[in-house]
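Here the structure of chain A is known, so what remains is to put chain B in place on it, guided by the hints.
2 protein chains.
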Amino acid sequence: MTQPIVLHGHTSGPNPWKVAIILEELKIPYELKIVDFADIKKEPYTNINVNGRVPAIEDPNTGITLWESGAIIEYLVETYDKENTLTYTTSPEKYLVKQWLHFQMSGQGPYFGQAAWFTKFHHERLESPTKRYQDEIVRVVSVLDKALTGKKYLVGNKCTYADLAFVTWDSMLPFIFGDKFATLNFEKNYPAYFAWNKNLTERPAVQKITKDKQAAMAKGH
Amino acid sequence: MTQPIVLHGHTSGPNPWKVAIILEELKIPYELKIVDFADIKKEPYTNINVNGRVPAIEDPNTGITLWESGAIIEYLVETYDKENTLTYTTSPEKYLVKQWLHFQMSGQGPYFGQAAWFTKFHHERLESPTKRYQDEIVRVVSVLDKALTGKKYLVGNKCTYADLAFVTWDSMLPFIFGDKFATLNFEKNYPAYFAWNKNLTERPAVQKITKDKQAAMAKGH
Numbered sequence: 001m002t003q004p005i006v007l008h009g010h011t012s013g014p015n016p017w018k019v020a021i022i023l024e025e026l027k028i029p030y031e032l033k034i035v036d037f038a039d040i041k042k043e044p045y046t047n048i049n050v051n052g053r054v055p056a057i058e059d060p061n062t063g064i065t066l067w068e069s070g071a072i073i074e075y076l077v078e079t080y081d082k083e084n085t086l087t088y089t090t091s092p093e094k095y096l097v098k099q100w101l102h103f104q105m106s107g108q109g110p111y112f113g114q115a116a117w118f119t120k121f122h123h124e125r126l127e128s129p130t131k132r133y134q135d136e137i138v139r140v141v142s143v144l145d146k147a148l149t150g151k152k153y154l155v156g157n158k159c160t161y162a163d164l165a166f167v168t169w170d171s172m173l174p175f176i177f178g179d180k181f182a183t184l185n186f187e188k189n190y191p192a193y194f195a196w197n198k199n200l201t202e203r204p205a206v207q208k209i210t211k212d213k214q215a216a217m218a219k220g221h
Numbered sequence: 001m002t003q004p005i006v007l008h009g010h011t012s013g014p015n016p017w018k019v020a021i022i023l024e025e026l027k028i029p030y031e032l033k034i035v036d037f038a039d040i041k042k043e044p045y046t047n048i049n050v051n052g053r054v055p056a057i058e059d060p061n062t063g064i065t066l067w068e069s070g071a072i073i074e075y076l077v078e079t080y081d082k083e084n085t086l087t088y089t090t091s092p093e094k095y096l097v098k099q100w101l102h103f104q105m106s107g108q109g110p111y112f113g114q115a116a117w118f119t120k121f122h123h124e125r126l127e128s129p130t131k132r133y134q135d136e137i138v139r140v141v142s143v144l145d146k147a148l149t150g151k152k153y154l155v156g157n158k159c160t161y162a163d164l165a166f167v168t169w170d171s172m173l174p175f176i177f178g179d180k181f182a183t184l185n186f187e188k189n190y191p192a193y194f195a196w197n198k199n200l201t202e203r204p205a206v207q208k209i210t211k212d213k214q215a216a217m218a219k220g221h
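Sequences listed follow chains A and B, in order. Residue numbers are given in UniProt numbering: position 19 of the first sequence equals residue 19, and the series is strictly consecutive. Residue numbers are given in UniProt numbering: position 89 of the second sequence equals residue 89, and the series is strictly consecutive.
Note that these hints are calculated values from the structure, not bench results. If you're wondering where the values come from, they're calculated on a predicted model, not measured in any experiment. Quick reminder that beta carbons are idealized off the backbone N, C-alpha and C, glycines included. A few of these clues could be false.
[To be verified] To give an idea of the interface, some chain A residues facing chain B are shown, with a C-beta separation under 8 angstroms as derived from the structure:
{"hint": "1", "residue": "Val-50"}
{"hint": "2", "residue": "Tyr-75"}
{"hint": "3", "residue": "Tyr-80"}
Bound conformation, chain A alone (with noise of 0.2 angstroms):
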């Protein structure tokens, strides 16, 4: 029997839910710890990981520690998605799958999170940055937008693990353009992408992440 797999994660980012997601599904036992952001770069965390990040993973059936969302979701589904739901065994679609998870984490990641930084957090108001960074998430959906136009997912007719990693993301749009969101009008001038995250956001598991993160905000995490 597969025991439960421990997800060290935050409250309100959307990386270790990103992971949740896959776990959940996958039907893959697990507990989510919440890690306080004053201890995320000290010990013992940065025991599990040296960069001070969540997620991360322990795995009690293999005894391994992971971190960094992408390589985690790879970890897992190679490990328990043995029917293949997520992913494919043939090539190219396989290293496609790979392909737009990499986007994910190279592209809409770091993007989006630079734009939440200059739009929340930085000390400072600084226009040009924050532009930067809205534009580039604009450029992000329209990319998407054009890969998916005519299609219902990124590679092939099945969701996959690339197509799942970049929901939670995409839904932290509305806190990062704020009142700018609804003049975007993502379903008018974007209709592919908007159509593809909104068909990922009905599905069972991440209703259920969704649900999951706004009672753990709630909570004061």
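Below, chain B alone, put in the same frame as chain A:
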């Protein structure tokens, strides 16, 4: 016989050269095609990479077209590194290699790139964003230094694709920091990182690509 893989790149950016190092290490024949910056975000190049970035590869041996340097590296190693010289087949080692690759893709590359942007290319000089990203570079270096203390390579005792993935961005640091670079004194402050990077830059594949890049830049691409 392996037909040459087409590698789409440009001269100055580090990511195509990162892939070239892997091609050299694995002795895979390839042909570098320079995409001019003016052509990168429009057709026909966007038919190869909808994201309008380099690198991308076209492999006539398998018919695949693939972008995102991280995914390309995973593809090349899985397809051509039959003796696993740059990776592991055992767990947890093979996932730890992926972990460091994802850290390179999502941590090193984006932050180093933003530092270069605000130092060299942004239309106005802004102190706090420049400081933010330069500080983040030093933090990434300190994480690598901590992970490498007492070790020659990131995972186990051989050089993997994860080690090699960091080299081309690391080589940009004198350019990014300018006169400030010497004052950071990585040799004294981050000796494990310094020795690791020096060792990697002395590999024949890295030496060759360093020369190829310099020659391409001298041609004025």
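Taking the earlier hints as the rules, which of them does this structure contradict? Violated hint (a single one): 3; every other hint is consistent with the structure.
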